[in-house]
Each structure stands twice: as C-alpha cells, then as structure tokens.
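Chain P is already provided as a structure; the job is to place chain A on it using the hints.
Number of protein chains: 2
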Amino acid sequence: MDKITGYINSRKEQYVEELKDFLRIPSISTLADHKTDMRKAADFVAAKLKEAGIQNVKKIETKGHPLVYGDWLHAKNKPTVLIYGHYDVQPVDPLHLWDSPPFEPVIKDNKIYARGATDDKGQMYVHIKSVEAFFKTVGKLPVNVKFLIEGEEEIGSHSLEEFVNKNVDTLKCDAVLISDTSLFGPGVPTLTYGLRGLSYLQIEVTGPNKDLHSGTFGGAVDNPINVLAEIISKLKSKDGKITIPGFYDDVIKLTKKERDNFKALPFSAKQFAGSIGVRQLKGEKGYTTYEHTWARPSLDCNGILGGFTGDGAKTVLPSRAMAKVSMRLVPDQNPKKIARLFKNYIKNIAPKTVNVEVKDLHGAYPIVSPLDAKATISASEALSKVFGKKTVFMREGGSIPIVVVFSRKLKAPVVMMGIGLNSENLHSPNEHFNLTHFHLGILSSAHFFDIYSK
Amino acid sequence: MDKITGYINSRKEQYVEELKDFLRIPSISTLADHKTDMRKAADFVAAKLKEAGIQNVKKIETKGHPLVYGDWLHAKNKPTVLIYGHYDVQPVDPLHLWDSPPFEPVIKDNKIYARGATDDKGQMYVHIKSVEAFFKTVGKLPVNVKFLIEGEEEIGSHSLEEFVNKNVDTLKCDAVLISDTSLFGPGVPTLTYGLRGLSYLQIEVTGPNKDLHSGTFGGAVDNPINVLAEIISKLKSKDGKITIPGFYDDVIKLTKKERDNFKALPFSAKQFAGSIGVRQLKGEKGYTTYEHTWARPSLDCNGILGGFTGDGAKTVLPSRAMAKVSMRLVPDQNPKKIARLFKNYIKNIAPKTVNVEVKDLHGAYPIVSPLDAKATISASEALSKVFGKKTVFMREGGSIPIVVVFSRKLKAPVVMMGIGLNSENLHSPNEHFNLTHFHLGILSSAHFFDIYSK
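Chains as they are written, first to last, in our numbering: chain P, 1103 to 1556; chain A, 1103 to 1556.
This is chain P alone, in the form it adopts within the complex (with noise of 0.2 Å):
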C-alpha cells in the first residue's frame, strides 16, 4: 500500500488539474440545451476509466443522458464493488449569486468552486483516481469492480433504475460503493448507512360545488379549509407522534448501540436551530434531533391552497381546499402500506359534509445498511486510518431512491463513503468542494479496495 499511497501523494495537483476539466463541463441533465455537454461529460468519465486501466469501457444510450460503464473483473475469489456515481449536475440559476462563473472552476482556500464540484464530480473522481492508483504501481486490483457511472441523478435516475431492473446479472457484486453523500463535519471519516424512505400524498377537499358568500352561508355549510386544517390537525399529536393507526407498526427500533452512537456525536440545539432561524425546535417526544431527522419516521405538509389568498379580504366560503403531505419513513415501513394507512385514515376522519380525495404521488422505501457487513467494516477501517479518527456512523433524512433500487435488485451492501459537506452549497449558488476531502476521499478508496480484499 505504500507505494500506493506514495503515488496518489505525488500526484495531488495534477488530480486537481483533471477535475477541473471534468467541472468545466455545464453537464446539467435537466436542460436540453445542455445535451452535448452531458455526452461531453459521459465521454471524459469513460476515457478517464480507461486511462486508469478499466476495461470494457462503454457509453450505455438510454431513453435519456446516456450511463457509462466499465469493469476489471480478475480478481479471483476476491470481492466485487459496484462504483455508482454522477457525472450530471444541478443548474446553476440564480446565476448572479455566484462569484465566480459555476463552470469556470476557481480555487480559493483549498476549496475548488464550481456546480457539481461536490454533487458529484469531485465526488465520484476519486474512486477512478485509486483505481488508477494500483493499476500505475502494482498493475492489478486488490478487489473486482464495476463502475456505474449516469447522467440523470438530478432528475431521477429513470433510466439508470430500468437499466439495473433488467441488468441484475451483469451489476451482480459483493457491495455498492457510493460517495454522494456528506461527512460528519470537515475532516470526521463518516459512513451514512441509512436513508429514510417517503410517502407524498395530496389530500383534496370539495365542500360546495362553487365559490359562496361566507356572509349568506357561512355558518350553515361545513367550509373545506377549516376541514382540511381539522384532517391535518389529527395527523399528529401534541407530542409529535404521527397519529395514523398501524404507522409505527413496521418501524424498527433504534438499538442502544444506534442510539448511543448518536448521543455521542456532537450537537448544539441552539446552533442548529440558529441556522435556521427558529427559536424553538420541535420535533417527536423521547428522541433527539439526529434521531427526528435520521432515524424516525416524519410527517410534514409541503403545501397547503384553498379560497382567496391574494391581498386583502375576500368574504368567500371557498369550493375546494387542497393540501400535500408527505412523510419520511424508516425500515421496514413500506412506501404502499404507508399510503393505504394514510388514505384509510383519512377516509374514516373525513366528516360527511365534504367530499375528501386522497391521491398518491410518489413514494420510495426506506433503507439501513447492516453495520456489520464485512465492506462496511473495510470502509470505516479504511476511513479511520486515512482520516486519523474514528469514523462515525450517520444516518440521512433524504431520500436517494436508486441506492434503494441497488440494494433491494442487488441484494448488497449499500457502503456510503460521502467526502462532501452539507455546507458546501450543493444545489446552491458557490457549489465547493473540499480539496483536503477530495485528496483524503482518493486514499479512503484506494484503502478501502485493500482492506475489503483481505
């Protein structure tokens, strides 16, 4: 591992150098006009895996921005790692917040600034650059592996989901590797090994068959926002537990382990709710905040339209009301059972004077990663060694709905080695990426192939 490591050292600028030819690339998937720049995009992630020395190399056309795949398949009796990543990024409106054009790559304070610095180029390029590492030194892989590179994370990864759908065996590996997510904080070696799931539904009320006078009906005619505001109302109760008969019936218990985990990692109340600008947090009786926005399940309005509301004062008994709703969901809720649950509530507190329709618009499961699995435990060891700390173990509050679709086709370990920061403007004007991380992430990975083979 020596020479290895001794390599990658040696090379810090040039890898640099190489990512900021990726960034300068305005790969954004949700543009048409950016459709050449995605198989620009597609063609430097290829070209790169094949300089390192991956073979198989191939650009995959989709319905979509096309995938890009590349195997080394030679080590025998050794394990095989699915690389994901993406090569697509967010647009970059508003574009006048930025102080340096997002895809004209600027360093500034070890940080390298510009879109998809962090989600996900910068990200993704280490795995490609310790590979490269072993095949420059040793010539060989110490573990098989599979890149799986797409061009539509930002807006869904349709095609990707099809393409594994009907791939199983070709993508069939020992674990999935993924860095796309955030550390613990700048320089804590972190693995996130849960996401939570999702269920979104639209309640709509329909009381009157049209507008009304609240002065000639008010009083006599149930008003749909006032239902609607009763409905949500009994979702939850005054401790912040989700209301829903059988919600909790699925969820698994957090261990003490899990818990103390938690409880250890550092945590100012008042801070997080600074950054947000709220006195008061609030969230579900007898767990803390990791616990409310990791590792138990949520549920929050998103929207809420009914009757007047432009300015001023409109004496009307609106028609219909509407609102959506969504809730986080933690193993081993089902995304379809939580929907039924939800609308049969509904239906049962719905009282007879309104109409109520419920519609389901989008759900996604929730996952845990087995802490024990034997690339989990490589990649903490690994992390730990590069970083000089203890890794810590997070869950996420989000969804990220093709690591569900790997692990639940795949039947894998899903091992999250996220080396970017929540702060580091992902989505936002002044994306950065931390080039500490980036170098470290190249090291972590290339340990990690190590470990993981042994």
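These are computed hints drawn from the structure, not numbers from a lab. There's no promise every hint is true.
Same chains, same names: a pair is fine if it fits in one copy or spans any two.
To be verified - Lysine-lysine pairs mimicking DSS-like chemistry, simulated, CA-CA at most 30 Å apart:
1. K1137 with K1122
2. K1416 with K1165
3. K1340 with K1416
4. K1372 with K1445
5. K1416 with K1372
6. K1160 with K1511
7. K1114 with K1142
8. K1449 with K1165
For chain A alone, kept in the frame of chain P given last:
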C-alpha cells in the same frame, strides 16, 4: 303612477342594454390594475344620473376610488331618501370556471351573466331608472332624493365611511334606500331588516427563515402549515361553536317571535344542500339554518396558502403559511372587540416554535333595523303591490358595513329592498341577475317613492 309604470314597462330592453354597458366595465376595486376601470365606472354612474335628471352630480375624490353624488331636493315638505349603492365588484378568479367571460354580459334564460350583475350594479341601477321615469313623464319626483354611490364596498367602504362622518348635514335624510340584498325567493317581495357584521383577519405563521428540505429537516422543526392547521382546528368545537373565549358575550338572544317568524318560512334542508352541491349541511348545534346564516355568528377560513402548490411532489418544509379567517357577527357584537379577542386567543394557542402574526384586515358592525318605521312600511306596501304577494321580512347573513354607518351617523331607518337572489353566484363564477326582478325592482322603487310621499 300609470304614466310612470307605462314608461318603465315600455323600456325593458333599453334598460338591459344600458346595464350591459355598465357590466362591461371591469371595476374590481381590490386590484390596483383596475384603477382606470374604477374611474370609468364612476363616470358611467355620474353620466346616467345626469341623464336621468338628477342635479348637482359630481365625482368626489377620495384616498381610494371616487364616490358619485347627485340630488334632487325640490319636493317641499316631503321626505328625503338617500339612495345608496356601489359600482365596484369582486375579483373574478377562478376565471376558468366561468361559462362566459365575466365582463362580457350574456343573457341566457332571462338572466344576465356578468361579474357585478346582481352585486350590485344591476340592483343599484333600478333606482336611477325609476327616478328617470318620473322626470321623463311627470317632470318631478314625489320625494327628495340624494344618490350616494361608492366604489369600495367590496373592500370595506373606508372612503365612504370617512365621507359620511364628515358630511352628516349634506346627507341628512328621513330614510336610506339600498338594494344590495336578496329576495327570500324568486318572485317573493322581501325586506331585509338585519345584517351580520364582520371581523376579517389574516394569520401568518413563520417557521424557518427559508424553505427547508423536508428530508434533511423533517421531524426536528415545526412546520408552519401544520401549525396553522392546528390553530384553525382550535377555532371551532365539534358542535360548531366558536371557541374564542368571550366570543358570544355580547350576542343578543333571538326573540321567540323572530324564531317563530323564521320557522314559518318554507325551508328544505335537502333542497338547500342540493343547491350548493353538498350532501349534508353543518351548523351550530341548537339552531335552524336560517338562524345559522342570518342571526347567529359564524367563522370561516376564506383562504389559505403555504409551501409548494404546483403539480407533483416537492419535498419542501416551508418557511411560511398564511390563512384568512373571518367571522360574521350579530348584534351587539363589536368587530373591534372580536378582532382583539381573536388575536389574544391565537397568541395564547400559538406554539413558541414559530412566529405567529395576526393582522386585522376588515371589520363591520352588525345591525337590526326597526320594523315599524314609515319608510319600511311604505317599502313593504310598494313591493307587495308590484310583486302581487305579501312582503316577507328576513335578515341576511352578509355584512354591508356602510349600512351600519348610515344607521349610526344619519340616525335614519335603512330600507333594504334587495332584488337579487342568493343563488345568483355573487362573489362566485357565473354571477347573474334575474331580469324579471330587475324590471320589478324599477317598478317597486317608483311605487316606493310614490307611497312614501303620501
């Protein structure tokens, strides 16, 4: 009177054409874009008053939209009638629910469809035409009249209120005549002797200082929409009672006679519910539907808005949510006191996790007018004569704030000779006005002047 009624009867179609011209002016008082239209509508009224034979016609500038005044004061020793109406109309949204454009009047089935048809352009116009009929036939009026037509009824009548307060002598009169209410039913002559008051407020809930990702933060932060729903759900009990402490303290109980009168009026809950497309009515326990809408206070959300309200699913935990809430009041509730009680209550029930602001947008006193005033009896006789039926005395659920100002400042009985129908979609898409009532209204106005002068 035969000459006069003959004149009116021969001009049916011309009156409708004139009304169409009036309805073509999109005089929406609450929208700043329509300022020019407001002046056009005021000019239209002024021109029609002059053409009718009214003297001293002038537009009176205000901080808002102009008032139109005109008089004819040459009926010596005869009573003076102040005729009030408004040329402003409600907004038209949701526009897609209109069968024909709101400002392109269309006649279907003897009804004229346009915004403002029944509220209040069509109703107000009958008095201009009845006055004109006197001048064009007998060259004079049997009573003295003062017209006072405003352009801010739908936004609170603030300028008119100020004007009345400062010009009590100019407006001195023996009775106020207003057509801006409803008949009990088609062809049923009706006088309205009571109106509910209004207290209209806006609740604004602010949580985090920006929209947050519901995955990253959901479960740890109070959600402004959920909080707002909770607040709204605490405004009424299951029995339909308003739960604001002190809310009912000043409510005068209905007399047995009034309750008996109301009970004597025909009513079918099934028909009423069917007419507005609901399966079941809902009102305060212990009262009838007429009592709910005419003589008991009520509370309705008029609008609500927060978060993402477009198509599909956006996983946002919104920064803000807003609701408009109004209460209909009955004597002797005071809108200022009610607004204060409302604000205090909201302040008490709002959680510390969010900021809640309550703005007082609008208020109006409730009123009940004496049934034994000479003007009221004359109006009742005129209506019975023209409609060929006994006049019904009812109260109405809406508010006409300025009626209270007239009643309190000018100390004159207010005759509410409404000729609209509650089913005519006032404040809703497809507002319309029955042209038979339009015609009978002109005749009733003329007979009222005649009978009242004797």
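List in ascending order the numbers of the hints, as given earlier, that are violated by the structure.
Hint 8 is the one this structure does not satisfy, whereas the remaining hints hold.
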